[in-house]
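S.K.: So you can see what is in the structure, the chains are spelled out below.
Number of protein chains: 2
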Amino acid sequence: MSNVFVLGHQNPDTDSICSAISYAYLKNQLGMDAEPIRLGDLNNETLFALEKFSAAEPRLVKRVSEEVSQVILVDHNERQQSAEDIGDVQVIEVIDHHRIANFETTDPLYFRAEPVGCTATILLKLFKENEVEVPADMAGLMLSAILSDSLLFKSPTCTPQDVAAAKELAEIAGVDAAEYGLAMLKAGADLSNKTLEDLMSLDSKEFEAGDHRFEVAQVNAIDVNEVIGRQAELEVLMEQVIAKKELDLFTFVVTDILNNDSVAIVLGKKAGIIEGAFKASVVDNRVLLPGVVSRKKQIVPVITEALS
Amino acid sequence: MSNVFVLGHQNPDTDSICSAISYAYLKNQLGMDAEPIRLGDLNNETLFALEKFSAAEPRLVKRVSEEVSQVILVDHNERQQSAEDIGDVQVIEVIDHHRIANFETTDPLYFRAEPVGCTATILLKLFKENEVEVPADMAGLMLSAILSDSLLFKSPTCTPQDVAAAKELAEIAGVDAAEYGLAMLKAGADLSNKTLEDLMSLDSKEFEAGDHRFEVAQVNAIDVNEVIGRQAELEVLMEQVIAKKELDLFTFVVTDILNNDSVAIVLGKKAGIIEGAFKASVVDNRVLLPGVVSRKKQIVPVITEALS
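Each protein sequence line maps, in turn, to chains A and B.
Mind the numbering: the first sequence is residues 1 to 308 in UniProt numbering, read in order.
Mind the numbering: the second sequence is residues 1 to 308 in UniProt numbering, read in order.
Just chain A, with the same shape it has in the complex:
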């Protein structure tokens, strides 16, 4: 059994999974007995990346404190996005690229957050700082994380550092970043084998703003109407989540990865803030968000400010 778990957020995306695997590899090279784990099911995009680079799926662990007393968080820091029993273990490191909130420790720790587009971009620096060579499979996984988080470098979260890191990693991995990236995103946007329940939880994150709780789910699609066409059924499921989690707002975002726009369905007693916050009309609980692809940079801060 390992001493330390390395974990990404709930409803894991490609960055959370690939960064957990790559950082656990780095820590193992440095002499720590670390194991990457996952807190939920893998999406089709991540499965595509793991298969391409022959990486094993991390083990699914629900309650980390039953196996370890120390963990490392990658790609998140907010406790409500982490393991359900995160309060029962010691967080010894965090590597992240999100805002910092709902995070507190008793002791000093290694906390490395940078305002870049992807955790893996920071990990590449850590490999270099620790003078550990990046093997081809790990390079492929980290590249996948950057291509995913940056939507092929088109997201406003993407920085020159992400582009440079991806270029370097693509060379080590021996793949063409643009070609591989599009294939990976398309695999992720293939929603044909997904139930509506799957879509709801595929990539959904909960946030707090002032006294309000809100959740933002995001689904990438080639054909947005494939999802929006089932709005009535989606709303029933969204209302169930709102009731269960006592949310004030649930925003379900469908992002067109070819045209880089999004459509969102908004429900909850605070849904009225959306029109003013995004300066866009909500018709039939639905709002068009031209040019919006980043939950982190274009959605969460806007909702947070409107609710605070």
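Do not rely on the hints blindly, as some may be mistaken.
One copy or any two copies: either way a pair holds, since identical chains are not told apart in the list.
To be verified - The list that follows gives simulated cross-link-like pairs (lysine to aspartate or glutamate, EDC-like), each with its CA atoms no further than 16 Å apart:
| # | residue 1 | residue 2 |
| --- | --- | --- |
| 1 | Lys296 | Asp107 |
| 2 | Lys128 | Glu168 |
| 3 | Lys128 | Asp33 |
| 4 | Lys52 | Glu275 |
| 5 | Lys167 | Glu104 |
| 6 | Lys52 | Glu67 |
| 7 | Lys154 | Glu51 |
Derived by calculation from the structure, the hints in this document are not laboratory data.
Starting from the structure of chain A, add chain B where the hints point.
M.R.: Here is chain B on its own, set in the frame of chain A:
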């Protein structure tokens, strides 16, 4: 007027001041218009260091938001230790070596915390990562910070990284670390020109644990009895602070920098936890803490756990 302020914590110590100056220098070299500021009076130790390396005192600024909209925090992250109007500005970076608590942002930022003995040890890495040469005066200031925080490498917070950084910086600064460090600590421990009010606020920090608020003040001394001999007068002042800040516990620590022990005066309605927490007898509101020199590592976590 500068665009960005770089600031350490209230009741600044040598690390807070010297790291603010050194990091502002680095940011200026990288093209940012940054100014180091201070939130309070300088202690004798810091004055000694600034004079030795011909550095100007940072400007005293009480309300940062009246001059800038963005700040960088060094040597702290907890909001109650920062500028009183910290909530009105954007924190764009944090470089720190303390626990993380009471810190929250709306947007991603550069947050670099490492479990080392001194902020300046991390700063030396940042100079290197950014390929900026450390001039002799900045090296001297960073060295002073490390010698101060580590009590000449004798504090349990001191890591091999701090020792290595100090060695490198001493060479650049052209001083003998041991000899200079002892002179600097002695200058700081010269309490002859200090009033009791000065002693109370020289290096005092406020913390939260569960629903409780506590403060820990620390004074370095060559002759502990010089301070403890005035316990009755000190207690009157401590009670005033307790009432004003609604503290549950105030711990006033006097550290013998030659023998590396401490004596603490404890007051407040939660003072009863001290005996159990430190496994030591409190007699006449006073407790002997053999081998205890580090507030961060040997006092705050112990009180936090006992209060939580």
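S.K.: Out of the numbered hints, which ones does the structure contradict?
M.R.: Hints 3, 4, 5, 6 and 7 not satisfied by this model.
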